[in-house]
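Visitor: The lines below spell out each chain.
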Amino acid sequence: MSQSPLLLSVDNLATHFFSQEGILEAVDGVSFDIHAGEALGIAGESGCGKSVTAQSILRIVPKNGKIVTGAISLLQNGESVDLVQLDDRGQEIREIRGGEIAMVFQEPMAAFSMVYTIGNQITEVIRLHQKCSQDEARERAIEMLQRVGMPIPEQTIDAYPFALSGGMRQRAMIAMALSCHPSLLIADEPTTAVDVTIQAQVLELMKDLQRDMGMALIVITHDLAVISELCDRVMIMYLGKDVESAPADVIFRDPKHPYTVGLLRSVPELGEGHTQELDPISGSVPSPYRRPAGCPFHPRCPEFIPDVCDVELPPQIELTGGHRVRCHLYVQD
Amino acid sequence: MWSFILRRILLMVPTLLVVSVISFAIIEAPPGDYMDSYVNALLQQQEAVDPAEIESLRKRYGLDAPTYVRYFRWLGNIMQGNLGRSLEWNQPVTKLIADRLPWSLAISVASFFLAYALAIPIGFYSATRQYSIGDYVFTLIGFIGLATPNFLLALLILWYYFVATGNVAVGLFSNEYLVAPWSFAKFIDLLKHLWLPALVVGTAGTAGLIRVMRANLLDELERPYVMVARSKGLSETKLLFKYPFRIAMNPVASTIGWTLPTLVNGELLASLVLGLPTIAPLFVGALLSQDMFLAGSVVMVLSTLTLVGTLLSDIVLAWLDPRIRGAI
Amino acid sequence: MAVIEEGMQSSSSGVNAGEEDLSVATQWQLIRWKFMRHKVAVISLVLIAIFYLFAIFAEFLSPYDPTNHDTDYMFMPPQRVRFFDEGKFQLRPFVYGMTSKMDENTFRTTWELDKTQKYAVKLFVRGDPYELWGLFESTIHLFGVEEGTMFLVGTDKMGRDMLSRIIFGGRISLSVGLLGIAISFVIGVIMGGVSGYFGGVTDLIIQRIIEFLRSIPTLPLWMALSVALPPTWTVVQIYFGIVVILSLVGWTGLARVVRGKFMSLREEEYVMAAQLNGSNESRVIFKHMLPSFTSHIIASLTLSVPSMILGETALSFIGLGLQNPAISWGVLLNDAQRIIVLADSPWLLSPGLFVIIAILCFNFVGDGLRDAADPYSSI
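Residue numbers (our numbering), protein chains in the order written: chain A, 1 to 333; chain B, 1001 to 1328; chain C, 2001 to 2379.
One should not assume that every hint holds.
[As the list claims (entries may be wrong)] Below are the DSS-like pairs computed for lysine-lysine, each with C-alpha atoms no more than 30 Å apart in a straight line:
| hint | chain 1 | residue 1 | chain 2 | residue 2 |
| --- | --- | --- | --- | --- |
| 1 | A | K66 | C | K2034 |
| 2 | C | K2039 | A | K63 |
| 3 | A | K63 | B | K1238 |
| 4 | C | K2122 | C | K2088 |
| 5 | B | K1095 | B | K1192 |
To be clear, the hints were calculated from the coordinates, so they are not data collected in a lab.
For reference, chain A alone in the conformation it holds in the complex:
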């Protein structure tokens, strides 16, 4: 895995929202790398900045939000492009959106416009990025729908989104995202809005497609089970910070950050055959407008060290085996 080239490198990204109530530091210093063909999971509670991180990569942050610092370098045709430096309405970023990097959104119901057929909305992206006629685009769209397992794609292509079931809509959404063969697919909560039975199918589908098409994948979720299903690496976020990142098997076996430890303990394990006491993390996520000083997790941290954790932001510590953590409990080797 590590031999494949570095596809996307996010360095110290910070995206803030400016409103009347004050500045919301949605993402505040996040760094991660993703290699070609790799699957990265970003996990955390609602409001920790996962989705904004994804929107920052595509430069589609809502209008009162702004990338304040950081760099996002993408390897495009053998050259490195810093996406932060591009004009967010310009030609270059628009060629990357949908072409190099595609995104699958949380709510398939809201993600499609209800006044156009799904075929219209899929062929649109194909024709935007690939030189082809309307008929060819339609053919490719049908092909793609076939590939994501849509029943009778020749007919469903002319269906309006409200006529499809939730699972079918999500399949159509994936087909739309993959129709231009992106090198990176970002899936923002791909299974949250669909039925439990469909969730497994969608996960299976994404796993197959990722392997077949050899693309990299970023899965954003609050559901750790999705990550264990799909991902090679995991990054845990808390209040806009990347608190820990490691290979998936390592993080489930040997979590370092107290927040990650708490997260894993609050999740029931299945198939253990014994009743298990769930252990929730005490307190609740503070308002993002009133971010605690020092380590953002310190008010809820069981390992809290007075005068250290509430004063100084812990640096990112590199542990062995690609395991990185932001915590004062650990020191750089």
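Given the coordinates of chain A, work out where chains B and C should sit on it, guided by the hints.
Guide: Leaving out everything else, chains B and C in the frame of chain A:
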């Protein structure tokens, strides 16, 4: 689509019946009938009144039959395009209305298109540049437009017109075209005169429409599908017009339903003030002289036309939005 | 499926100090706070209060009796309140007198400022006698001049003070709005409530009625109905007649709000809980459902006042509503209809300015209230 149109037309039948009942009630509303006011007028002029002659007139005009009989007789006549006879003008109501209705329609239709032609781009501008100076200016103008009664605006314009030209009425044609037969030049002359009343009538509607357009577009701009479209690499302009604009147009199109009645109201007032030869002075004259056949027919015709306009707007709406076709 | 949020929610007790006042505030406190943030709406509310104050105390606050006519002062232009006499500042405000000249040929009267006549404007001056609300007799007016004339908005064709007439006109025009919505309120809440609570066929019929009333032009209807008012009626009867006519059409907007709210509330759990607890229907409606959308009703009522005021003004303007000797803004504007007169005496249009301001204010307040009505939407 066709079944939608058919259902929608069938739904209009009971509504039209209610309109006819109300119109008939208006005809019957004043205490006494036309004969009474006719007698009064004769008495005031100290002329001799022959009760027998009055009774025969009553019979001739069918004023002695019971109410429901007169209603159905009246309704039957309407079906045949006969709206009765104006006792004041001594002419068929149909002819009186037909002479003036085209002008009322011309003004209403012109103000309708003017309102939408102004409101849609302004609303679009305001929403996409929210909180800009232009947005604030348009919002303020919109508020003032909503608060200014049509007739007051008409009065202001007429005052300005009088000071500038010395004419007391705006009119629909220049003097040289007044009696001239129809020609392209006459049509152009009409357009030159039409825009002023159209603007007066359209202001309130425009102001309301700008608010609807702006609010809807702002709502739609926040929707996930806009971000999805952006993530596909669409250019901002193409994206705005294909996605949020298209959907924001639906509520705007559905406002036609309430725009039409306000346009009719506005046209009445503006024509009265500006002295235009439309249905408005005819209607007010009929009301003041209790010529109720004419007055009731005007209510009937105006309401029916408004309902037909609403029907047309609904059809356009269903064509715009596939979801609506299934409903109703 | 293991989901993080579930594990998180089980213990959340920490409420930040700053949020405490918000979390214990009543619904009305929240609405007030949110409304007060809307500056334009607050200013408008103050203006409306001033308008109504003038309407209530019209006799005392107007400088003249509105019916007091004097043919010597026909169509006199407005006199300005001044502080500078020939460039010299003086603390007590005053007005200059005016003298009229008639053109021998055209019989047109022109007015000229006469700087030799100076009348001081004073507070609590004695003027035309009046009976406030028919109870208190007095001759004291809040402001005016002791000698000469002070027509701040000019005079009309009979030499009556326009300002006093506007103030008295406000009494009718503004009260039409309030009385009108009071009647629409009763009809609207009953029709909307019945429609929304019972649903089914009842709902269908009432919806058709509302749709019908909204889809036909109202003005011709109003005009026809106001002609139907018996000519023998007194001014007061005609006034109430007009208000009823306006309300017969004006209730539909409110009924829609009430119906929509009832529809969505019927599904709410606390209503279900009340029903399961054995509360009877009317108790459920009045104790549990109505209070939860009073704020919406108030907002909707405020927004329907302008159409009432506009309706009365338009009818009276055409000459089909109230008529002389009644004084309303529409009746006053009726005098401005003759364009030749208007061109010479443009101040006759000034009641229109008050119509516009009043409607603007009601619209702003209504908008502010509507935004504030949902205090829990976003704070």
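Visitor: Look at each hint and say if it fits the structure.
Guide: How the hints compare with the structure:
no.: 1; hint: K66/A - K2034/C; verdict: holds, 28 Å
no.: 2; hint: K2039/C - K63/A; verdict: holds, 25 Å
no.: 3; hint: K63/A - K1238/B; verdict: holds, 18 Å
no.: 4; hint: K2122/C - K2088/C; verdict: holds, 19 Å
no.: 5; hint: K1095/B - K1192/B; verdict: holds, 27 Å
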